[in-house]
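*Asks:* Read off the chains here:
2 protein chains.
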Amino acid sequence: MDESIEYTPIGRIRTPFDDPAGMPIQAAATATGGTVELEERFAPGVADLEEFSHAILVYHFHRGDPEPSLSVTPFLDEADRGVFATRAPVRPNRIGLSVVRVVAVEGATITVEGADVVDGTPLLDVKPFVPTFDAPEDADVGWLEGVDDPGAVTADERFTDADEVNRE
Amino acid sequence: MDESIEYTPIGRIRTPFDDPAGMPIQAAATATGGTVELEERFAPGVADLEEFSHAILVYHFHRGDPEPSLSVTPFLDEADRGVFATRAPVRPNRIGLSVVRVVAVEGATITVEGADVVDGTPLLDVKPFVPTFDAPEDADVGWLEGVDDPGAVTADERFTDADEVNRE
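Sequences listed follow chains S and L, in order. Heads up: the first sequence runs through residues 1 to 168, numbered per our numbering. Heads up: the second sequence runs through residues 169 to 336, numbered per our numbering.
Next up, chain S with everything else stripped away, as it sits in the complex (with noise of 0.2 Å):
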């Protein structure tokens, strides 16, 4: 319908998680430290974020099956769910997100804490978590009211292809 929009990643997420498999499954469920890499040039777009205790990063799921699938059997459950009632990475668009704690930041570079990506994922943004914007307090969660710790889950060979990331 649309023609398509091109974005340039400004930096790459840097992390433990050479391979995906066994990766924990969101970011809020681990202290996992990490970095988030920018090109020095964006030194000046990370002033003032030290000051949130968290942001969300905006990423591209560059590694596993680059098909999308309409319907996915997440981690988390075991009936087939609309892709865009999970997080999984095989959707048309992959564009991944997670909030994460933000530790230092120092030039273009932020130390945090929950990146729960595979090493080198190309980074799109980052934006300031705040709350009343971001975390509405009524929230039910579908599917995962049966999940008794998500964040507890680590990921396993699904959405792979050969090495690949997975996500819930």
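Mixed in with the good hints, there may be bad ones.
[Said to hold, decoys possible] Here are some chain S residues pointing at chain L (derived, C-beta under 8 Å):
1. E6
2. Y7
3. S71
4. V99
5. D138
[Unchecked claim] Derived coverage of chain S by chain L (criterion: at least 3 residues anywhere in the stretch with Cβ under 8 Å from a Cβ of chain L; other residues may be distant):
6. 41–47
7. 54–66
8. 85–93
9. 125–135
Note that these hints are calculated values from the structure, not bench results. No residue lacks a Cβ here, since even glycine has one placed at the ideal position from N, Cα and C.
Using the hints, position chain L against chain S.
*Replies:* Relative to chain S, chain L alone:
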């Protein structure tokens, strides 16, 4: 540093906001109705989404000054801030996020509340909002700390280029 990444919009967000000036500035702040109209072929992808009370819309800021700015004066402040510490649209990659309430899902159309975007905004992705992943309980909000009720603020002419879209 990287080759560019291409996405194709999966639909459009329809809202009463033809003119960005005067629009509420973030989704959680308003109960204004809107519809998220995906292309019909994506209907299977929204299965199960109606079980979630809230969804995250990922979209492209298609209107407004296309020139990125690394330092901006946001609607909610009087000082210059790094663009990655704001939600302003004049970012290197013009990606926007809004958390909206899911009212109904029918075919490929999602009826929502709180879509604070201009009518016709190109939609890139829809994700379920999951508090465990998306809502840290102990968030500090930096320069927004002194703002009484960010949800009550509406956009002005800032960031506009002629009749363009505003954000925070």
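*Asks:* Each hint should be assessed against the structure and marked as holding or not.
*Replies:* We went through each hint and held it up to the structure:
no.: 1; hint: E6; in the structure: 5 Å, holds
no.: 2; hint: Y7; in the structure: 4 Å, holds
no.: 3; hint: S71; in the structure: 6 Å, holds
no.: 4; hint: V99; in the structure: 5 Å, holds
no.: 5; hint: D138; in the structure: 7 Å, holds
no.: 6; hint: 41–47; in the structure: holds (count 5)
no.: 7; hint: 54–66; in the structure: holds (count 5)
no.: 8; hint: 85–93; in the structure: holds (count 6)
no.: 9; hint: 125–135; in the structure: holds (count 11)
Hint compliance for this structure: no hint is broken.
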